[in-house]
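Both chains come to you apart, so use the hints to assemble them.
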Amino acid sequence: MLSALDLVRDPELDEPITTLGFVASCHVSAAGDVVVRLRLPTYFCAPNFAFLMVADAYDVLAALPEVRTVDVTLEDHFAAAQINAGVAARAGFVAAFDGEAADELDELRRTFVSKAMLAGTDQVCRPLVATGTDPDALARLTLGDVPPSADLDRLRRRRAELGLRSDDGAALLVDPATGTPVAAAGVPQHLGFARLTRTGIEANTGICRGMLQHRYAGAGAGEEGPG
Amino acid sequence: MYEHNGEKYFVVDSHMHYWNAGPDNWVPGAEQYAKGWIECFHAYQSLAPKETHWPIEKFMSYTEDDLMKDVFSDGYVDVAVFQPTYLKEWYKEGFNTTEKNAGLGEKHPGMFVLNTRFDPRDGDAGLDELKANVERYGSKGVKLYTAEWNDGSRGYKLTDPAAYRYLEKAQEYGIKNVHVHKGPTIWPLDKDAFDVSDIDHAATDFPELNFIVEHVGLPRIEDFCFMATQEPNVYAGLSVVIGGLMAARPHFFGKVMGELLFWVGEDKMTFGSDYGIWEPKWQIEGFVDWEFPDLPEFADYPRLGVEGKKKILGLNAAKLYDLKVPDELQLRDAEPAAQDDAKLVTQ
Chain C
1 MLSALDLVRD
11 PELDEPITTL
21 GFVASCHVSA
31 AGDVVVRLRL
41 PTYFCAPNFA
51 FLMVADAYDV
61 LAALPEVRTV
71 DVTLEDHFAA
81 AQINAGVAAR
91 AGFVAAFDGE
101 AADELDELRR
111 TFVSKAMLAG
121 TDQVCRPLVA
131 TGTDPDALAR
141 LTLGDVPPSA
151 DLDRLRRRRA
161 ELGLRSDDGA
171 ALLVDPATGT
181 PVAAAGVPQH
191 LGFARLTRTG
201 IEANTGICRG
211 MLQHRYAGAG
221 AGEEGPG
Chain P
1 MYEHNGEKYF
11 VVDSHMHYWN
21 AGPDNWVPGA
31 EQYAKGWIEC
41 FHAYQSLAPK
51 ETHWPIEKFM
61 SYTEDDLMKD
71 VFSDGYVDVA
81 VFQPTYLKEW
91 YKEGFNTTEK
101 NAGLGEKHPG
111 MFVLNTRFDP
121 RDGDAGLDEL
131 KANVERYGSK
141 GVKLYTAEWN
151 DGSRGYKLTD
161 PAAYRYLEKA
171 QEYGIKNVHV
181 HKGPTIWPLD
191 KDAFDVSDID
201 HAATDFPELN
211 FIVEHVGLPR
221 IEDFCFMATQ
231 EPNVYAGLSV
241 VIGGLMAARP
251 HFFGKVMGEL
261 LFWVGEDKMT
271 FGSDYGIWEP
281 KWQIEGFVDW
291 EFPDLPEFAD
301 YPRLGVEGKK
311 KILGLNAAKL
321 YDLKVPDELQ
331 LRDAEPAAQD
341 DAKLVTQ
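Read top to bottom, the protein sequences are chains C and P.
Position 211 of the first sequence, counting from 1, maps to 211 under full-length UniProt numbering, and the rest follow consecutively.
Position 297 of the second sequence, counting from 1, maps to 297 under full-length UniProt numbering, and the rest follow consecutively.
Hints were generated in silico from the structure; no laboratory data involved.
Treat the hints with care, as some may be off.
[As the list claims (entries may be wrong)] Here are the computed distance ranges between Cβ atoms for each label pair:
1) C:T180 with P:P161: 32 to 40 Å
2) C:H27 with P:H251: 30 to 38 Å
3) C:A170 with P:K92: 58 to 66 Å
4) C:R90 with P:D267: 46 to 54 Å
The C-beta atom is built at its ideal place from N, Cα and C for all residues, glycine as well.
Bound-form chain P, shown alone (with noise of 0.2 Å):
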């Protein structure tokens, strides 16, 4: 919970992870991969204000210790989402492992969701697999990376008749929010993730699952505003957008801020700190206190309030994941409009 100028703000990190990239995880003769990936990512933490910068040595394997202190005792979070990422073909345990997220959130009970990851090109086994981390961690979501390496394969898109299979068999099996990566361009080739016509695809053939969008797109935010604008149920996924964005180039976070309220609107929009990139505090301190800047430019976008902030920082996530929120947090007039309300708003 975080609480400033007397409003108290209910907080779901709903994108971090736990990861180890150390050198006692590098897969022999991937090594090039393991520590470029890592030190790719370090650079992203540079985007944060100063102090917050860490040495590469704890970036690569922090620990449980700062991972508590980072998010919860200083950061603020009521609860935080776990993403997997695996990266097999580089990290031999796997990156951030379903497993690795779930014995931390099985020491801390309450603390975190524990979601889980699927690759359509793992075939049955990879479904049994699924099938069996839904059963025992309970898990209501997945974080899908669709540019991982795998086999030789360079990434999928979720239109792959694999993927559709797979998305079918986890709705089954009780998933109801897909995280997708769209995120900064890496190493895929011409499958580079560049536009999110799959998340179109999949978000209108499959209405009853929620797919956040994470790192909306960027660096290509405007095909993913041009998709999101006709799927309900395609949400905006901030991280890097704040942690990338809102300490090192403020004016171009006011503008995206701006065109997502514009395009996409504050009831699907959520907060994630990718945390170990960037830690939780001086996003959420920074996000409740951050406001327009008085110029023209940003005269034509919505305007985000208290309740806007308090939806994007939590309560958004916490309805995705059905996380139970204390009275004295939830917004004062949650009540929707009655119909004759919307009447005379449109008229």
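So that you can see chain C by itself, here it is in the shape it has in the complex (with noise of 0.2 Å):
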């Protein structure tokens, strides 16, 4: 069950539920009952990132073979009941939100995905400009040239998300938004840009890791040290 909730990313940090100790508890009978309960670093944790989460910690669980029924329930939020109620009737954001939400979320999950990409993008660029590769280089570089690690296996799967290309011959540095290769000339602010994004979803992470540990005595299901 820990395993496909590692699916489940919070959308705006990019890292798993579990990892971050959003997972308070998960348990499954024999006959294949799963009850999980999920907790998150405030009470006021935007209602529409909570959601994701929520709806996509119950479809990863529906989705495994040997499971019969799936209880998954956010505690102590301030928008838990209305979550809560709408993932378990699988309506979406709009109607869980009755007259307060106008939109559904896709588009939020995609800027995110966007901001992802960009960071990892530095994270797979970074030692290639430590050891001289200069703008000009790295303008031609494609992902097959990029030497294999698990950061670039994870640049590959977001821009796959974002519908950009991903396989060996595909430009390594692209625009996020249009999948267009970026110039030299381009380049230095090509990588300000995602050096700057990495630096927010971190800081932003060692926030709500922060104030978790405060929240909550415990380690969450699957929850990996300070980071």
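Okay, here's the thing in structure tokens:
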């Protein structure tokens, strides 16, 4: 169950809810009834992000062949009742927040995957720059030219999620919105944005971890130590 | 004034509060929000050094004596800028009102700048209230809380036509500085304040106003930086950046400061303690002592020296609010570079 939940990410932090400590508990009966309790760093965490995580957790668990029923509940959150009822009824975000929300969350999710892709670009390019690869060379590199690494695999997955090319022949540096390769003259600024985006995500993750540790004494199921 | 290693720093705490979030101020029927809100704030205090943590009872309703001691006697602050936040749907008299702040300001002349606030959803009555506050308290700044609940609405954007009308009037009444809370995401739904594009529009259309983005849009600092580089009248308010990261996550604090120095620059960053979430004392001491870690990943960020720290801790905000800075606390070489020097640098 936990490895299935590893697939559910905080959309903004781009990290699994398990390693973040958001899974308070996870139990499965012999008959295949799963009960998961989720928790977040604050009472007021944005309900749109919370909804995505609860709904995604429900989906990955329900897709497992050995699972009979799924009960995913968010605890200690001001909108918990609406979110839990909405996900349990398989209703969308707009229906769950009748009158308060105007849009479904696909665009929100895409925004954050774009940012995750930029942050991943920094992770992959930083070692290349450190060994002297200049902007002209970076602009010519393809994904297949980059030495294999977990960071590269992750970057390919984020690009695929955005509908961008992720095969060996695809350019390493591309615009996350259009997939257009970045020209050599634009490389320094592109890498600047990539570095900044990664910093933002990491700083945010640091704050969330700090708040969660203060709020709950015990580690969550599958939680990793402070990053 | 803070003195360290022979250097004297004029300190302006440009973002602080005097609130009452105790049960006596909770709106009947909305207690869970009033309580949940202040408990959430209290959790942020846990990111400060342990010895500065308060029990929740004190945190809900600290006293005038607490504030004067923590901010001025112990906290080195020369002038403090009040930033009101109302939240009247949950707190009967408001969480932190212009009036409550002014009560303290009037008792201690010269120590406080009394900013006020507005909410464009309040119609003509709100404009009258704004005008009255500016006239009575001499406010030159407003704090805007775009995510505030108001009669069924869960937030607004600066680009809303009503907000433009308010900005026009505010400017006419004498407001110069617009502090906008773009901070950690809390309650609004899809009106979540996750992008700062409304600031981008407003800053372009109101070039004579200064827009100080409080908490630099954290946790979405990248959106803020992309925007702030284009707008000469946009500033980075460092409350939460120093209080929330410097002690709890020093590595990320270095990176965030590096990015802000790279994209925004030391002339457009202002210190704010966010008191009573965090006390200014440890923030100022820590910031003056702070240096980038000696690691390659920090190598490409602009360095921050004593002059830059003086600007950030007080001189930049003093300029925004026309505060009188004693000569001995000014920068030694405050004269701008001559035109010829500038040419040499760029050639």
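For each hint, the structure was consulted:
1. C:T180 with P:P161: 32 to 40 Å: holds (36 Å)
2. C:H27 with P:H251: 30 to 38 Å: Given about 36 Å between the Cβ atoms, the range holds.
3. C:A170 with P:K92: 58 to 66 Å: holds (59 Å)
4. C:R90 with P:D267: 46 to 54 Å: Once the Cβ atoms are compared, 53 Å apart, the range 46 to 54 Å for P:D267 and C:R90 holds.
Of the numbered hints stated above, none is contradicted by the structure.
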